[in-house]
Amino acid sequence: MILVAQTIPWNPGPNWKPPHRRTKTLKQILSDATRTAAAGEGGTVPATGPMQTTYANIESAPSLHPAHSKKWCDITGLPAKYTDPKTKLRYADKEVYAAIRMLPPGSAERYLELRGANVVLK
Amino acid sequence: MVSKYRDRKAQKTYTVVGNDVFADPNSRGQAKNPFDSNVVSNFDQMETLLDYCFINLGVGEEGGGGVGHSVVMTEAVCIPGYNRKMMSELLFECYNTPSVIFGIDSLFSYDYNDGKTGLVLSAGHTATHLIPVLDGKGLVNLSTRLNWGGYQSADYMLKLIQLKYPGFPAKIQSWQAEALMKDHCYVSSDYKEEVANYLKPEILLEKDRIIQFPFTETIKVEKSQEELDRIAERRKESGRKLQEQAAKVRLEKLIKKEQELAFLKTLQARQETDSKRDFKRLLEQNDFRDEAALEKSIRELDKTIRRARKQDVGAEEDAANSSPPSFPLLDIPDEELSDDSKKMKRHQKLMKSNHEARLRAKAEKEAERQRQEDLEREDAAKREADLPAWLSTRHAARAAVLTKIKDRTRLRNELSDRKSLASQMRMKSIANLASDSPPSKKRRRGGGGAPGSSGGGGGAIDDDNFGANDDDWSVYRNITLGTNSDEDEEDNELAKELKAIEDQLLLHDPHFDRNDTQEAKSDWRASLLHAFTHGVREHDLDDQAQGCQIHLNVERIRVPEVFFQPGMAGLDQAGVIEIAGDILLQRVADEQVRERMLRDVFLTGGAVAFEGFDERVRKEVRGIIPAGSVLRGGGGWVTRGMWEEAGGEYILEHRLGNAF
Chain E
1 MILVAQTIPW NPGPNWKPPH RRTKTLKQIL SDATRTAAAG EGGTVPATGP MQTTYANIES
61 APSLHPAHSK KWCDITGLPA KYTDPKTKLR YADKEVYAAI RMLPPGSAER YLELRGANVV
121 LK
Chain C
1 MVSKYRDRKA QKTYTVVGND VFADPNSRGQ AKNPFDSNVV SNFDQMETLL DYCFINLGVG
61 EEGGGGVGHS VVMTEAVCIP GYNRKMMSEL LFECYNTPSV IFGIDSLFSY DYNDGKTGLV
121 LSAGHTATHL IPVLDGKGLV NLSTRLNWGG YQSADYMLKL IQLKYPGFPA KIQSWQAEAL
181 MKDHCYVSSD YKEEVANYLK PEILLEKDRI IQFPFTETIK VEKSQEELDR IAERRKESGR
241 KLQEQAAKVR LEKLIKKEQE LAFLKTLQAR QETDSKRDFK RLLEQNDFRD EAALEKSIRE
301 LDKTIRRARK QDVGAEEDAA NSSPPSFPLL DIPDEELSDD SKKMKRHQKL MKSNHEARLR
361 AKAEKEAERQ RQEDLEREDA AKREADLPAW LSTRHAARAA VLTKIKDRTR LRNELSDRKS
421 LASQMRMKSI ANLASDSPPS KKRRRGGGGA PGSSGGGGGA IDDDNFGAND DDWSVYRNIT
481 LGTNSDEDEE DNELAKELKA IEDQLLLHDP HFDRNDTQEA KSDWRASLLH AFTHGVREHD
541 LDDQAQGCQI HLNVERIRVP EVFFQPGMAG LDQAGVIEIA GDILLQRVAD EQVRERMLRD
601 VFLTGGAVAF EGFDERVRKE VRGIIPAGSV LRGGGGWVTR GMWEEAGGEY ILEHRLGNAF
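The listed protein sequences derive, respectively, from chains E and C.
FYI, the working numbering numbers position 31 of the first sequence as 31, with every residue one higher than the one before it.
FYI, the working numbering numbers position 296 of the second sequence as 296, with every residue one higher than the one before it.
It cannot be assumed that every hint is accurate.
To be verified - Once the Cα atoms are required to be at most 20 Å apart in a straight line, the calculated DMTMM-like pairs of lysine to aspartate or glutamate come out as:
hint, chain 1, residue 1, chain 2, residue 2
1, C, Lys164, E, Glu95
2, C, Lys419, E, Asp84
3, C, Lys303, C, Glu258
4, E, Lys94, C, Asp523
Quick caveat, the hints were computed from the structure, so don't treat them as lab data.
In this text, all values refer to a predicted model and were calculated from it rather than measured experimentally.
Chain C with its partners taken away, still in its complex shape (with noise of 0.2 Å):
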């Protein structure tokens, strides 16, 4: 890796290379690689890169205007000409080198390894390639090269973790990527057997690894209980007085109001007994234009005073309990009366209508207390007469609830699809609300119609009574989007209904047992995601360490077998085996030849080192020769190339590693 960058600060340019271009944010940014694929695209980057080997070599300081050693450069296999071209430029011409080699850095490894004739897999960071080698020399017309390596096996990897954990705290780098997949990814022996039963728990218990992410630990202060008392009885006297309060004025303005409406009422009744012309002088001076608005003033005075008198109701429950109270003065008439005592009749009115208001509101209570029991003794008595009929209504009824809850969220997931048909409708409809104009003529026309509609009477024409009806209410619910409470409560209200059902079919349906139940269906020690994401514990979403956590179990082998299958990552080519047996069996026609190859498969590379490589090559491989072939294990394997010690010999015989 190169990178190149300014530094404002210092107006310095830097060039870094190799691991110390991830040293700095800014070198980390610019940080470039001179290949493309498995050869070298860009020789400004790679002139910067041989300058810092050459340097950390300390060669060259001899003097004498060069580097002043051979030079051995590993390149790809059938490397274009172009790039040989590009590379013995700037080898010979800007470092003055006396001689370069080239080769293929598979074949160095081969030879260095004493190999002398065998079948080379050499897997590399972002090719892989298989070189029948014959006598020492690599038969580079029957390669083949397979374009999948180290580098596309941990992109690989990084992207099957960030799917598995879309929400994932942390950003996971690329680097931590190949870690993960050197330290914990290795070659099933059988792929097909083993990922079958991955999941299971008494296997995933023992493959499951779990990768630590790091997080802060936020801690929550642990109230006593004690503190809690107080605190709730803090609150709960604070509501208290505010109820009071509120109490208080409320009653002091339902006796202003009560006041008001006995003046208007005698005003009212003044008009019998005045003549006309005083009556309306009277009329004018207290602000009224006639008898009607007087009227209408009366009528909404009185409503409100309804009103407030019932919510004194709710407010005071308590006192309901309480032995019913006494209103002595409200059988006396007014004129024996004092102004003060009148005042508390008025009281004492207000509060015999508050009394008699929750009375029945408590006889309405226990009516329905009454219902719910008759209905629950009449359930008991269907069951006891008719078990199966029972239980098949209970078992409908709790069909019934699922696919409510089914089609809820079905709605939800397709109000979140903008081309559906009910985020369609939705849309339709918020444009219906927001026009200006009436939605469609057809309703115009046929809305006119509903009885009991509380517009005033100003805009009736344009009024389109809306409202009118309680459904049209329900297109505000329709257009609300996501996960508001209300949605949450009936939701909440579906469980529990289902819970109820599942209660009652639990105590008496004797075919109906726990496993049954929907809760027992979602538990997590069932489902086959939560043992793919969250392993063989439970999962607690509120554990700060349990959200920075990943899971590594498929990942483990479907990763490097994508080298075997390369079609599961997309890759339209042969697997390493299926090449292995095309070339030895297909295109290398000696028999005895073939016979000496089968002999000594080696492997070399970055990416052969996951544990089990040769294994499953051994393994498969003997699947694909000859009967009565004999396969060399042991001394030929070797899991590591070397290629950077490999000797000069082997490239003077060949003079160029690749076939030219």
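The shape of chain E in the complex, shown without the other chains (with noise of 0.2 Å):
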């Protein structure tokens, strides 16, 4: 489906101009946010609730459950073992080692990256 500009079929109502900065990024209002409300503590803007829910604060917490720091193996998914040193990538058996050991440079990068667990220098 192609839109031309003219064969939108309605007006824009007449107090319509589209605001100056329209595109900000869920960071950029977040951190605005949590300026207002700050702001708002100060006195003018009474907090609407007990607890005042936010984008920010209903994001699930970091696991408790001892079961879910199970390790797996990076390259197969099975239960692993083994931590290879070098790379710091998990692995199930030897045959998986080797198969490390002969990964192209940068692989292994992108495998702890999967995980969460690669070192990002900036």
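Combine the two chains into a complex, taking the hints into account.
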């Protein structure tokens, strides 16, 4: 479906003028929200409930369940008993270890990235 | 998805919305999503999106300036106030809608399915929410979000496949990964148990899914045996002709050189008979500076002739097998011969020396064979005398070959790593070879004593005697990288040696059987990784169809499992079951309310469409609730949200889906 501006059948409202800046990333929106909330607590805007829930604070907390710290093989997904001291990859058996040794450069980092365990230097 | 792009040819700017953005490569490159995570961040694109929706719905054509209908708008749980402000501004001011209702999609869905009190688990595109509902009202302040949804799952799937098949010929698109995930992934009811046994052949046979990507088959033209024979024959024929020609040329050259040598020798002989002056003139006539130069050229010529003869020995191997040729002219002195037969005599002389050299080579070969036989006999004798001792030596030899092979592979791997010691040594060698100055003073001082140097006398001071020692040349071997034929040959040799030793062991050691051989150990049947990447059948490298296949096995349960164990994908959050337990057992204070909520756990959203999701949730929620509670099953379990059709009453009761 291709839209050309002229075919739109309704006219925008008389007061309608697109605001200057209409694109904000979620990060910007959230930081703006916390800033206004902090200003509001100063006096003008009263808190609406006993506990203010915001987009940021409904995020789930880190897991406390011991079962969830189980380790899985980065390559195959099987339960992993070992960790390669060089690449820090977890692996299931010696055959996978041999494969880790043969990985092309950069591959190990991509595996780690999948687990969020890669080190990013900024 | 919205894509705005300008077509240079048509001089027009196009705006494309929805699935159509993928139709054209230009628009595909510009395609953008107005959402950031699960909230709208780009309202320009949102406006285009709404234009598209209203036009397709056919609203607003009645005239009256605006859309003219009330709008139900869904939004994320606990959406920031900024977004709602922007959205209502857009709807009221741009589209002139009379009224707008905002609400949470999953709560619409729950209400539509006659839910009153329960826990809503909504797994969406970019996030998963758990919202407790009491008497039809969503308790947004108790809800929790997990930052994982269908989009992240598909991305996870894509990355897993890409890493599993690094050299895959086709480019796997994200929409393909998403389709694969939807079609083949399912939630395991007992992940730990199932994944541990997933790659066992009998289970894998059933669970492995093979995805064939398109490929073009190249058909090899099979040549018939007859044709092959003919080609071989032709090749042999031409080779023989070439050899003959070369031999002829060589012979002619040789004869010419012999003549020259003879002439030079007579020249040398004249030194004794002629006077010094005459001899000197003679030398000058023949372009020689002095006697030393003459002697030198004689020596060199002699050498080349000898070398050429040796070469001929190799080329005419067959001739040696026939009866020994006779050289009758050799015994007749020169004086009695005519010029022609003198030539013949020289030729025969040459042939004779060739023949003798051949005989010598043959004798050497025979001696070598004899030596081998002796060795074998000795070995057999040793074996018969003391079998255990013999076996232990053989085993040791096998272990030695194995370590050699391992060392070679390790060295090769280290060379691929720029920072390893091996590659640093290599770089050092290269630098030394490339530099004009000698590598170090130490070596310069110590290297002078190598005997038998073939280096010329001219540059005696600069000469570091490189090459005098055969080991010097290995430096070039050390600096060459990669899989050159030399290395391959060495690998082959090692493999052959290993095979020979193992054959002997198989023959004589009762405790050593087929399964112990290296061959059996590296067999694909025993390989876990083979099962992982190529399934239960043998993989044929030359088969193009198999080269374009993806085997989905562990991924089938690994991808959806992230909802239950987000840590697997590097997300430091609790899984949905743990969140549910937290909400039900910690946050809901009232015992009775908790009891009622536990009776209804409602699943909605696209990501819960994984087969077995409900089963798993039921099983695990039962595990966390206190004994004696009854979990309602059946009716309330809906795996697809239908929030698009949700009624308005619900929202009238609650005004806004979100607590505000």
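Going through the hints against the structure:
| no. | hint | in the structure |
| --- | --- | --- |
| 1 | C/Lys164 <-> E/Glu95 | 15 Å, holds |
| 2 | C/Lys419 <-> E/Asp84 | 18 Å, holds |
| 3 | C/Lys303 <-> C/Glu258 | 11 Å, holds |
| 4 | E/Lys94 <-> C/Asp523 | 15 Å, holds |
Going through the hint list in order, the structure satisfies each hint without exception.
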